[in-house]
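Same order as they appear, the protein sequences are chains A and B.
Numbered by the numbering used here, the letters in the first sequence go through residues 1 to 877 in order.
Numbered by the numbering used here, the letters in the second sequence go through residues 1 to 432 in order.
What the hints contain is simulated information worked out from the structure, not anything from laboratory work.
Even for Gly, the Cβ is constructed at its ideal location relative to N, Cα and C.
Check the hints yourself; a few may be wrong.
[Stated by the list, open to error] Straight line, CA to CA, 30 Å or less: simulated BS3-like cross-link-like pairs of lysine-lysine:
no., chain 1, residue 1, chain 2, residue 2
1, B, Lys126, B, Lys205
2, A, Lys78, B, Lys205
3, A, Lys78, B, Lys67
4, A, Lys72, B, Lys96
5, B, Lys67, B, Lys158
6, A, Lys545, A, Lys877
[Stated by the list, open to error] Derived DEER-like restraints, expressed as beta-carbon distance ranges:
no., chain 1, residue 1, chain 2, residue 2, range
7, A, Asp68, B, Glu206, 26 to 32 Å
8, A, Ser100, B, Asp380, 35 to 41 Å
9, B, Ala284, A, Phe175, 44 to 50 Å
10, A, Arg273, B, Glu206, 47 to 53 Å
11, B, Glu292, A, Gln61, 42 to 48 Å
12, B, Phe279, A, Lys82, 18 to 24 Å
13, B, Glu292, A, Phe175, 39 to 45 Å
14, A, Asp68, B, Lys377, 46 to 52 Å
15, A, Tyr219, B, Asn47, 44 to 50 Å
16, B, Leu109, A, Lys82, 30 to 36 Å
[What the hints assert, rightly or not] Chain B stretches covered by chain A per the calculated footprint, using a threshold of three residues with CB under 8 Å from any CB of chain A:
no., stretch
17, 175 to 181
18, 191 to 204
19, 210 to 220
Chain by chain, the residues run as shown.
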Amino acid sequence: MSLGMILHTLVIWPIRTIVEILFVVFQVVFEYQPGISILFISLIINIILLPIYKVADRWQQEEREIRDRMRKKLADIKAVFKGDERQMIVNTYYRQMGYSPFHALKSSAGLLLQIPFFIGAYEFLSHTKSLQGASFLFLANLGEPDGLLGFNLLPILMTLINIVSSLVYTRGAPFRERLQLILMAGLFLILLYNSPSGLVLYWTLNNLFSLGKNLANKYLKKPGLALYWIITFFSLLVAIGLLLGIASLKPYYRYTLVAFFILVPFIPLLWSRIMDVTDRLVQNVPLDRSLYFGSWLVLFALIGLFIPAQTLASSPTEFDMPWIFMLRTALQGLSACILIPGLLWSFADSRHKRILAVLSTFIAILSLISLFILSGSYGTMTRGFIFDNPHLLKKAFPVWATILAVVVSIALCVFLLNYKKIRYFKVFIGAATIAILLSTSVELYAMNQELREVSQTTSSIKSKQETIFRIARNKNNTFIIFLDRAIGVAFNHALELLPDTISEFEGFVWYPKTISFGDCTILGVPSIFGGYDYTPWNINNRTEKLLVDKINESLTLLPRLYSESGWRVAITDPSLAGLKWVPDISIFNGIPNVTARNIKGLYSKRFLMEHNYPPEPITETFDYDILFRFSLFRIVPPAFRYMVYYNGGWWRDGRSNSFERSLAVFPNLYYLKDLCAIDDGPPSFNIFMNESTHEYGAFTTDFMPSRDPVRYGQADLERFGSQGDAAYAYAFLASIRALENWIRYLKREGVYDNSLIIIIADHGGRFSNKYFEIPALERYNPLFLIKDRGARGKLRISNEFMTNAEIPFILSKLDLIGSKNPFTGNMLRTYTNEPLRIYEAPGSQNRHGPVGFTLTSSRAYLGGDIYSACSWGDVEK
Amino acid sequence: MIRLIYLCLLFFFVISPAFGYIDPGTGSMLFSFLTGLAVTLYFFLKNLLLRLKTLTFRKHKETVGDKPAFVFYSEGGRYWNVFKPIIEEFHRRGIKCSYFTSDLADPGLQFQSEYIQTKCIGEGNKAYHTLNFLEADICITTTPGLDVLQFKRSPGVKHYVHILHAVTDATLYRLFGLDYYDSVFLTGPYQIMDLRTLEKLRGTKEKRLEVVGCTYLDELAVTVKSINSKQASENIPKTVLVAPSWGENGMLRRFGMKLLQPLAESGYHIIIRPHPQSFISEIATINRLKKELSQYSSIEWNNDRENIYVLSRSDILISDFSGVIFDFLFLFGRPVVYMDFNFDLRPYDAADVDREPWTFHTLRTLAHPLKEAEFIKIGDLLNSLRENEDRNTALAKAREEAYANPGMAGVYAAEKLLNIHMTLQGNTHDPK
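Turn these sequences into a full structure, and let the hints guide you.
If you want it as structure tokens, here you go:
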């Protein structure tokens, strides 16, 4: 982490984040109209800046006065002294006047304080993708220069306002000063002329605001009163607007906001009363810095150290560079919990300091209660910080738990502060900080240990040249290419759109009429690898064994049978192994000749490099401050947690981690041939499991994943149905194209004909299509393609009924391996008109078990064409 | 390349442009910020340079045995007379002290006493370096500008005493000359008021002001007695001493030949005695004048270490506002002509006091002002100088105001120093 980056994190990040969160809030409230969001950010930032301007103006005034007082004497000194003596005399004079040359800097402190606001807003607005394609008033696309009247009109407008504002501000000032400002305005015209109009809009609004402020200051006797009336007018306008439905809000929020905006005009009127009451409440509080900073220290230890360490240590391998991630989050915590509170403290007078001290104590106590007592159990979270079951966030605690926490915190505050028990509080704060720091060290130690182990395993893969799949040149080979959530009907698009690719799929037979028994991985995977013994109903019927054991049986069945027949076996990313999120490949230990590896992310860097992806600025990455936001999530009372989480969006603007998720899996499919090596060894059985078709959302029409949000054109929308369908289709097509590479490789190396290839999915998914008569049934339609050894010729379509549980039986017949399930003693079998059902179930493994699946509803297959509604029974709960 | 341009642009954005969106007001703030930054940097670097020039490296402490109670520091031999009476008193009382000087030829170095340690600490920065890390209870000097110029307060010294070496105003030092002393030993009570005024004006610490008298005048008075008894010869023609101060206000720099030529041609014997500093700071002027005056036999140049012999030889003194006028007046009472021109007070502490300095208004009552226009007929003017009653009264009054405890200054000064030392020790310690 460079020094610049550290400074950026400490100074710019908090402002940028505030701007971003405000932007997203207004985006949500005003239904994604960035123009309106920009208007509101400009307003809010300028209002926040008002007091800073005031302080800055005062400081500048003080500096000017002291310089005026010193001017004559300094001139005398300069007239009669020379050289070093002059310097020393001037120094002494400054000393006697209580002036330091650093004062010149202090007078600019106001400016210095503003810089983060400008850089933060600039950085955010110049990078956000949300402006692309959005229109506002006369601006057609906020992401591009406006290009009105043949040139860019808005920057000119901005400059005109800026100049007028400057002239008003410098009325009566020397010409030189006025000229400076006009030149300045010109400079901005040049710099911003070709900027996105959304950015220019923001500066234009700022200039407008400053024009209003300067006009009020120069021409109004009571600018404060004018401000009051403007705020009142604006609040009422917003309240009326809300009532008329300008924003899409739930009634509860809508009326709360309306009430708030109606109350706003009264706040200034009641302000002195409020302050009086507050004063009385806090008058016994000693003006104690340690109370204030002690509280923030605890918060820093929680937000910046403990929670991030705990989160990272829970699964360090899932994060790219966990130490840097940790450091970055600690710096963000430092900025939010030490620097900003410190700044506030230095600006506050003693009355406000008392209030600040009490508030910080309250926040610290409430946070500790929320984190340690009301911690809650919300199930697991993906690497993208998405909860498997966000529903829990809303329901885990009743509302009164939050109210109770607040009341207890207030009571503790009152007790500690008003009864002069501050001593105890300090001891408590100290003890809590030490305890938190100790726990942090333990977590970090654990993380370090795990990272070390992982780096040893990773390096062992590297040393083996990353070859996992050994292909026998002269013996038989069998491949199962498992594509998670590859939807059968989507293959029709491949036939239509990728004729050249499909022509490479020689000898393949596609079974469009394939069903899976579940709509999620946990129901689909066991039957693919274990056959009919592991259908949902058969797993649930075998109650003598734990679910995890039955799943592991299914995953190890084929490797065991092949291994016993003298084949070499390799398997990658075996989903659900050990029922862990990161597959527990140790379940394959003890089976001879079986290699199992987790390879997610193996080729990410290579893929980025070979395809010239520009390095992403760290501030743009999904990881940038997600841990900080997660820390906030942990320390707020339960009722506010969903608010912080906000649908998994975490109030980040336009950031999804689809790209990162694709990047972990797609390159492995793309470079599949490099995972293979051809030799003269014994026959090989290879299971390659990949989620490229599961992590869709980032693929462009060039079939490549992209960091930028992807919008599909009209033709794609018409073809596929919606943006979501198009996104899926392109991920699917990209995966098929990646397979084409691999097929060409097999052919080139002469091992195509001695290889049996099965391309299979565990389940389907929602995908707009014209085949299924019952809507959404494509969720049970996995992709299933098979190529026998020696088969060539154009891809054939077979309308035979198929299930993905057929695979073990097919393999046992074609490869002459054992055909008895060693775990159940049953023979591997094919479908024989037995009753079949398809089930709906929660996707997360945490919600299943311990013995069987949690099945929510089902539907019977009555036989016949799976597309036809007649072939299916009704939904049964 | 594009990335480079992008980076440059970004850099440009980061440093300046962002400010502009601000507000027109911040435009001017930006400029004041940049100026402020430049000024701060400039000052910082310049002060750093100064510090390097003066302090260089802190050397090892040179204390042998106990920390000395009293250290006198003299810039040169010409100030020996200021310290001599005090040191003699210390010797008489058997109190140990150290006498440091920057002048190898300082007669003080020859002072023989088992109680007095003498030492030459070198000149300029070498001396300041020793002084700035001095270890002593009390340091007594005639050097102005403590903690203003290179001469800094040493952390090892508890108390700094400045002793005046002229009966003129204590505010006629260059700016801030006495502000950071703990005590000032004055020659007469009139000096107190102006120093107090400055303390109030500048908010500096209130100093201990002690009227002890004028040590060096006491010393000169003793010398004068011995000279007068030895030689009382009549000088014909009468002798005029031209004794200017140095610097831009000094007569030689300011008037040069304009004054000296008429004088040389006036028929008087003229002794020109430039200020010792002139031989350092304005040697070019001196050499030029010497050359131009070489044709006149009536001109004599003098640069004796002691001015007392040449003073006693002179019947009339022509000077600017140097302390020498009052020395001459108080010792001999003979006529004095002083240059009357607009004195530029700006370099001096007196500029900050709203009263006319005592020196100026007293001088008007004691001596004859010489205007530039009168240079031509300077001979007539000198001839017309007569003693009168008013002048004698005024002289007596001036003596009373400016020259306290005649003959006893050394005793008083020693007494006060011991007092101060006792206060420092909390009355428990006997410096013997």
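Taking the hints in turn, this is what the structure says about them:
1. B/Lys126 - B/Lys205: holds (29 Å)
2. A/Lys78 - B/Lys205: Between A/Lys78 and B/Lys205 the Cα gap is close to 26 Å, so the pair holds against 30 Å.
3. A/Lys78 - B/Lys67: Not satisfied, since the Cα-Cα distance of roughly 41 Å exceeds 30 Å.
4. A/Lys72 - B/Lys96: violated (48 Å)
5. B/Lys67 - B/Lys158: holds (11 Å)
6. A/Lys545 - A/Lys877: Within the cut-off at roughly 25 Å; holds.
7. A/Asp68 - B/Glu206: 26 to 32 Å: holds (29 Å)
8. A/Ser100 - B/Asp380: 35 to 41 Å: violated (58 Å)
9. B/Ala284 - A/Phe175: 44 to 50 Å: holds (46 Å)
10. A/Arg273 - B/Glu206: 47 to 53 Å: Given about 49 Å between the Cβ atoms, the range holds.
11. B/Glu292 - A/Gln61: 42 to 48 Å: violated (58 Å)
12. B/Phe279 - A/Lys82: 18 to 24 Å: holds (20 Å)
13. B/Glu292 - A/Phe175: 39 to 45 Å: violated (53 Å)
14. A/Asp68 - B/Lys377: 46 to 52 Å: holds (49 Å)
15. A/Tyr219 - B/Asn47: 44 to 50 Å: Hint holds: Cβ distance 46 Å, inside 44 to 50 Å.
16. B/Leu109 - A/Lys82: 30 to 36 Å: Roughly 34 Å apart at Cβ, these two residues keep to the hinted range, so it holds.
17. 175 to 181: holds (count 3)
18. 191 to 204: Result for this restraint: holds, n = 3.
19. 210 to 220: Violated - the stretch 210 to 220 of chain B has 0 residues with a Cβ nearer than 8 Å to chain A, which falls short of three.
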